[in-house]
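Trainee: Based on the provided sequences and hints, a complete structural model is requested.
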Amino acid sequence: MDLTPHVSSLGREFAALAEVGGDDARALVERLSGPLESAIRMALLDALSTASEEITRELAPGSVELRLRGRDPNFVVTTPPAEAGPDTGRDDPADEGDTPIVEDGPSLRINVRLPEQLKAAIEEAAAKEGRSINAWLVRAAAAALRRSDTPQRSTEATSHHPEHASRTGGGRARQRLTGWVR
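Numbering (the numbering used here), first residue to last: 1 to 182.
Derived from the structure by calculation, the hints contain no laboratory data. Incorrect hints may have been included.
[Said to hold, decoys possible] Pairwise CB distance ranges (calculated):
1) His-6 to Leu-28: 16 to 26 Å
2) Glu-54 to Asp-2: 17 to 27 Å
3) Leu-68 to Ile-122: 30 to 40 Å
4) Glu-124 to Arg-71: 25 to 35 Å
We put the CB at the ideal spot given by N, CA and C, even for glycine.
Mentor: Following this line, the structure appears as structure tokens:
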């Protein structure tokens, strides 16, 4: 998005107002035109950023991001994933049992500091699934919490040790109990 036409339009309005004030006002507007252009550009960027945040809150789990390329803002819109109905024919086993922990209620904002490589991997995974980064992270966290609620079979730590595997025939390790008995 090119902000130059909008900034130029305001500059022309200021120049027209300065014409009414005479030579002193015109000279003042000419001296202030550089700093005014920067201030106007920053105010427009701030307004666009606020608007994208408000739209993102309403569009969740989709999002609207405002990115700067040089001096020009660009919008990146991530639409929410389409609801999978019974006749969509999706064969994604990762979606089975994919119910959110809490679907209703307000969303909360948190800040997460990620290593750059992990962030890139998350962005790539989210893009492959056609989800926003936020939606992908929410889904991954919910899946991890569901897994942690599932009871897991405990096996002895030595069952994966090569020496133990060779003593038990190399195949599946047998469980064994060691300790003192009275």
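Trainee: Each hint: holds or not?
Mentor: Structure-based check of all given hints:
1. His-6 to Leu-28: 16 to 26 Å: The hint (16 to 26 Å, Cβ to Cβ) holds, given that His-6 and Leu-28 are roughly 22 Å apart.
2. Glu-54 to Asp-2: 17 to 27 Å: holds (23 Å)
3. Leu-68 to Ile-122: 30 to 40 Å: Between Leu-68 and Ile-122, where Cβ atoms are some 22 Å apart, the hint is violated.
4. Glu-124 to Arg-71: 25 to 35 Å: holds (29 Å)
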